[in-house]
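Undergrad: The lines below spell out each chain.
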Amino acid sequence: MGLVLLIWSVAAAAQDGSIENGQAVFRRDCGFCHGRDGGGGESGPDLTRSKLVADDQAGSTIGPVIRNGRPDLGMPAFHLSDQEIAGVVAFLHKQKAKADADKGGRKGVDEADLLTGNAAAGKRYFDQTCARCHSATGDLASLTKRLRGLRLEEQMLYPRSAKSTVTVTLQDGDTVSGQLSYLDEFTVALKDAGGKHRSWRTADVKYTVSSPAEAHVELLPQYTDEDVHNLVAYLETLR
Amino acid sequence: MKLSSTIFFFATWAALAGPPGDGWPTYHGDYSGRRHSALTQITPENVGGLTLAWAFQTGQQAAIKSSPLVVDGVMYFTVPDNVWAVDARSGQQVWHYTYPPNKGLHIGQRGLGIYKDWLFFLTPDAHLVSLNANDGKVRWTVDVADATKGYWTTMAPLIIGDHVIVGVSGDFDNLRGFLRSVDPETGKTQWEWDSTPPPGTKDAATGGMTWMTGTYDPSLDMIYWGTGNPTPVLTATTRPGDDLYTCSIVALRPETGKLVWAFQASPHDTHDWDAAEVPVLVDADFHGAPRKMLMQASRNGYFFVLDRETGKSLLTAPFGPVNWSLGVDARGEPIPNPKKEPAPDGRIIAPDEGGLTNYRSPSFDPKTGLFLVDAHPSWSVYFAKPADGTYGWAGADYGVWGKGEIEAIDYQTGKPRWTHELGPNGSSAGVLTTGSGLAFTGDAHGNFLALETATGKTLWHAGTGSRIENSPETFELDGRQYVLIGSGSVIFAWALPERR
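Chains as they are written, first to last, in the working numbering: chain A, 1 to 239; chain B, 240 to 739.
Isolated chain B, as found in the complex (with noise of 0.2 angstroms):
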């Protein structure tokens, strides 16, 4: 078997990091979620040169959202039931998977996870499947949830030692959320954590989706994962309380599930506020101390800094318009202002449903301390009355204006230090930080747009012709630094001139 920098990467994986220059081995890039890389190759005096090296087209319609993962210079990536290895070097194919037609939901596609030569795949009808690297055959494929009864599944796999970590989407029907570990080589359920009880407990919620992929320590042997809001989703009246651990940041142990502690960002939500947004690991001073923090910009408008070691808050801060709470408990956690549920007459509510962010990345730049994010603030009407039931959705609620910027938020602070306007309505692009400074997005128009980290000024843009919906990323081979991007139908790998 050959030595893959996937073994090496895991192997000599030291705390934090971040991405083996030469790939893009993770949905993050590294385990911390920083998607922060150390290359340099590109910087802001040169970037006003970067030019396209090659362009990848799936012929789909359906736009991509996934990071693709990129090892021993093959790129992988998804839309939903499709798989393609591309060469890095050249953005020709190499080989594409599709999976059989099916009625799950078709949403999106986030990505894939790979241990050794093995890439796992999570399906719209819910199933993992586990294909070969080198030819996209299937090893094996097995059940993660029921989606007859409403679950789907659009995650990218994390790998942790031997464990594939997988999630699941589901917010139509009261159904119980829950993470799984799933042995790399049988397929075999290894544990489970459920976020909720089961459907039919009493005054308790159910939901809590785990769709977005985690974090992990190595050193503190803790994965961090952010929670999905509880069902049913706008009315709360079966659901009295705070609804643990829905809209949670969760840290679990890889070998056994089990709960260490556990942060809710949203107690008793009844806005449909993920708290799945990337749950990033960050070591640095904070208010003058050395600190081993986690930072997370949370859909229902928060900023949270915690200690990720006790999941103690050390500071929650609003990153934008935000009305729904009265304020901040002796833990961090918001409190909801039950005057702001949604009611028969609509209530006014800032962010909107979309939230202050989303499944976007953001990215933290260690050198000036910026913890960056694609915002959008925003402001909607939230309905719910009793003929809309409590099974699902149950309620209605109605975005009224809302736009884009990138904040750099001063983790010590919670506050902007700047912002870079995106456009109307806002992006759906995800933020890549680099080592000589520079920070990649793309705005509400679809251009991809290349940002001096430390002021946000614009240095670079080329207009890519649709919506970008992923994070960017970057590597390395030889020689070369290439920065990928994904919009509409297209895979964009960008770089400097070649030398001659």
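Isolated chain A (complex conformation) (with noise of 0.2 angstroms):
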């Protein structure tokens, strides 16, 4: 597989600009995030590992990620040429499959790097808190067919993409319920049930958010590291 995605950008690096140009590229606009190398640097994931950097061909994720950029997530959109592009991926590629082959030694999170705990007491732990709300029948069933090792421990911790929903109570009393799309301190947006956005000043409406992200959030002061580990191992068990 790493030599096939390594002639892969070595074609690609021949045709759109090189690999040493998107490499300079990379280290001048990216590596202050994302590491020099790839690797991962201050705030910046790991692109070794990344699911999009695995699922790109010929820039197909990578590109519009770099042209549009992840403003949720922090990330600023990058106005590079497509030759700067291709030189980017290529630097992607032949980085992932250097990576990917260097097994044993591998830098970064191996899955089998968070399987320290005790399965048996995670699954105390997910008895007493978790089941509030999940049910490893229920909604988590074959959890790991959608989620493992570093992801599924991130999403454990707080589930960045679960939506919140709104309820905002006009002045002449009627109500409009939606999933919440905007909320800062001077306006409220969501999308109604027929897909439409609608805001209001929040001077102007009551709202009441329901986020259930939130219960995550207050278990983050409260968990010890074992707990977090059980907790893992005991989630690797729903196959």
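What the hints contain is simulated information worked out from the structure, not anything from laboratory work.
Computed from a prediction, not measured in an experiment: that's the story for all the values here.
Warning: the hint list may mix true and false statements.
Computed spacing ranges between beta-carbons, pair by pair [what the hints assert, rightly or not]:
no., chain 1, residue 1, chain 2, residue 2, range
1, B, Tyr-630, A, Thr-237, 19 to 27 angstroms
2, B, Glu-737, A, Thr-208, 40 to 48 angstroms
3, A, Glu-214, B, Pro-605, 48 to 56 angstroms
4, A, Gln-83, B, Asp-374, 33 to 41 angstroms
5, A, Ser-199, B, Asp-374, 42 to 50 angstroms
6, A, Pro-221, B, Arg-570, 38 to 46 angstroms
7, B, Lys-342, A, Asp-55, 24 to 32 angstroms
8, B, Val-381, A, Asp-55, 42 to 50 angstroms
9, A, Pro-64, B, Leu-565, 41 to 49 angstroms
10, B, Ala-626, A, Thr-144, 43 to 51 angstroms
With a straight-line cut-off of 25 angstroms between C-alpha atoms, the simulated PhoX-like cross-links for lysine-lysine are [as the list claims (entries may be wrong)]:
no., chain 1, residue 1, chain 2, residue 2
11, A, Lys-206, B, Lys-642
12, B, Lys-376, B, Lys-342
13, B, Lys-654, B, Lys-696
14, B, Lys-427, B, Lys-388
15, B, Lys-696, A, Lys-206
16, B, Lys-497, B, Lys-427
17, B, Lys-376, B, Lys-427
18, B, Lys-642, A, Lys-191
19, B, Lys-427, A, Lys-98
20, B, Lys-551, B, Lys-654
21, B, Lys-642, B, Lys-696
22, A, Lys-163, B, Lys-427
23, A, Lys-103, A, Lys-51
24, B, Lys-388, B, Lys-531
25, A, Lys-123, A, Lys-103
26, A, Lys-206, A, Lys-191
27, B, Lys-606, B, Lys-531
28, A, Lys-98, B, Lys-342
All residues carry an ideal CB built from backbone N, CA and C; glycine is no exception.
Assembly of the complex is requested from the two constituent chains, each provided in isolation within its own frame, with the hints serving as guidance.
TA: See below:
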């Protein structure tokens, strides 16, 4: 697999922007957050282990992220030329192939690294705390088919993509409910049942937000490291 | 030569006097780092009428992170490889300088230093460029550090007398941090202070980068500077002990660079928590006795109050969730918990790597005694294993959750008197306070906010259309007070409606 990617990336580089140039662009614009080698740095994830990079075909998934950024995760858009993007894509595939080939001495977080806990203790924690909202045979059945390893642990600690709902009470007493799409001190916005965007001044309405992920935030100060490891060990048994 | 307000400013500068009303001649506005202006035209009563005076668009993608200098009616600001001079009354460009394309790390640029009519600008490939402030022409360029080894530079030089003080960045290699004084006329090095021993020294850390502009007390003749984290960053096997002088606040003599005292905010750091945040200088009573203090809200989650004559601790208190220490020692320095060092199976840590605060400037308001900081309560998981090695980053960390809030810390107790929520993930905006009781900052959504300093209540806001990544500042020209903020690639100048 690594070899195939390596050959692909070399071929791509010959057509569109060299790996050397891609590496220079990456170090200039991306290196601070993702590390100079793409293996993770200040705040940016390890791209050699990224699903987005693994899924990428000739820039199909990496290109749009570079061009548009991921504002929700703090990544700005970069106005790079097509050649520069091709170079960065080639460089990332090369780095991934190199990292994947580094068996045993692999940097970063492996699923096996996380499995130091006691699954039975994890189940006890789950039953006491998590079971208030979750079920191992319901919403979390076959969890490991969807999530494993580090991504599972991250989602467990805080499900970043969980949606909040909001009910807005208008001045005339009518209520509108939907998926919360924006909230600051001044404006509340939702997507209503018909898919329509609606917004109000917070000064003009009353609103109630329901965020299932908030319960995860409340747990953060309570976990010991052992609790986290035990919980991951247990969740990894949900096959 | 004209009598520039810069010269006037430096010649008449009384200790901690605050920025001159008609300009903003240093990164922090003055030497104290308080980011507090005595201006009072814009008040809590009239701020609701604040309106756009002008906007300047760079037309470039790089986010504005610099604090513009404003001298003699001209504003000077930067993004990496670029300097602009802009008329501060109209927002019209005077000149634009571009540094040649280079391979340095382009993460940000925080601004300039000015001495007489000369500007000083640091580049991604670690050069110091001196420009003529009148036309943007290059006078000279000197090397500050070797960019091919992994150094880069972003900070705004600090000018003290005939010293241009410059610091360096570089976390991805095991490099020595240093602070250097350069002659403003010739570019020659006057002195260098090294924060760590040379790479390869047995059992010693490298790092201790000097990437934020420090502060200066002319009466004590000491420069105050925060140093960055040790390297390797997340793995400490090759650097047992405290790793001096990383994650420290140091006091140096501006003439010689000699160390007077040091206080370590994070002994033996393994979480990338630079102590580079602004060392804010305040003269006031502490627990009933007058003191010359230094205050820092540090990235590691602690608020420190020091006696800046001696470096002795007056107060150490966490200002948000902190779970990595065993408490505080007799010197007021936190004691790191070895069980919270990064590990192969992960350690849950508060705050996250971005820290409980960071580069964004805090502000001290003398009237209320409040230290306002854009805080980032947050949680994360830190990993390190032998395969990660002992070079550069040497581990991995993942932010789990965070939010932004302004905390108004009472420096006598370290406890917040009020907090003001800024939104999910957090904000990158700094804080400005003014003599009329206003505090300006930005939220996580790109709203520019005017708050009542005493209570944190929102009095005015405007959506800016992008994240705010610099710190507000203010000055008055022709009897009109302006407030500046950068957002995305635009500088906005706000003012009350013009008198007819």
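Undergrad: Hints the structure violates: just list their numbers, smallest first.
TA: Violated: hints 1, 3, 6, 10, 19, 22, 24 and 25.
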